[in-house]
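Participant: Heads up: take any position in the sequence shown, counting from 1, add 709, and you land on our numbering.
Just so you know, the hints here were simulated from the structure itself, not pulled from any lab data.
There's no promise every hint is true.
[What the hints assert, rightly or not] Keeping only pairs whose Cα atoms sit at most 20 Å apart, straight-line, the calculated EDC-like set for lysine to aspartate or glutamate is:
(1) Lys829 to Glu723
(2) Lys829 to Glu841
(3) Lys829 to Asp718
(4) Lys798 to Asp770
(5) Lys798 to Asp734
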Amino acid sequence: MNDRSHDSDHLLTERLTLRRPVPGDTDAIFTIHSDPATCVHNPSDALSRREEGLELFQRWDDHWQRLGYGYWVVRRRDSDRQLGFCGTKIMDLNGMSVLNLFYRFEVSSWGQGLAGEAAKAVVEWVSERVPELPVIARVRPANLASQRVAVRAGLQRAEHLDTAGEDGLDWIFARNLPA
710 MNDRSHDSDH LLTERLTLRR PVPGDTDAIF TIHSDPATCV HNPSDALSRR EEGLELFQRW
770 DDHWQRLGYG YWVVRRRDSD RQLGFCGTKI MDLNGMSVLN LFYRFEVSSW GQGLAGEAAK
830 AVVEWVSERV PELPVIARVR PANLASQRVA VRAGLQRAEH LDTAGEDGLD WIFARNLPA
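Whole structure, please, built from the sequences with the hints as guidance.
Facilitator: Structure, rendered in structure tokens:
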């Protein structure tokens, strides 16, 4: 059961707190996005310089400022340590505006269901606040763990939307597609 805060900058689940990123998260953004293991399926996402962490934070913060939602920092409820990031950003997919679901977690938190828990909460939250936009996840065919997270978040395979991504074929998982 989710205990969601009414504050749009925070979201609570059974085990996790999700909050809007702040400038102090730049080191964690860089560390998680520069780990080759976390970017193995999306190597073009890998960061190599600390300045890129700040640039990524600034893009995320701009999205929050413009739209009132975006990517959250994920941590356990009993800790201040950042485990990863999960959220949505608006993008175009085949001429359709969609909310792209993103999740990336440090390796030590893999295999515990944390990404799925965070993604499910994010999809529920954004579906209530921006119901007119479909939520999609772009997943590499070989990334079985990411596929499980998308399904746990309530998305279903939408093969007709599969598209070429920067690092290869993107399988699309979706929720709330127009009829």
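Participant: Looking back at the numbered hints, which does the structure fail to meet, lowest number first?
Facilitator: Checked against the structure, no hint fails, so every one of them is satisfied.
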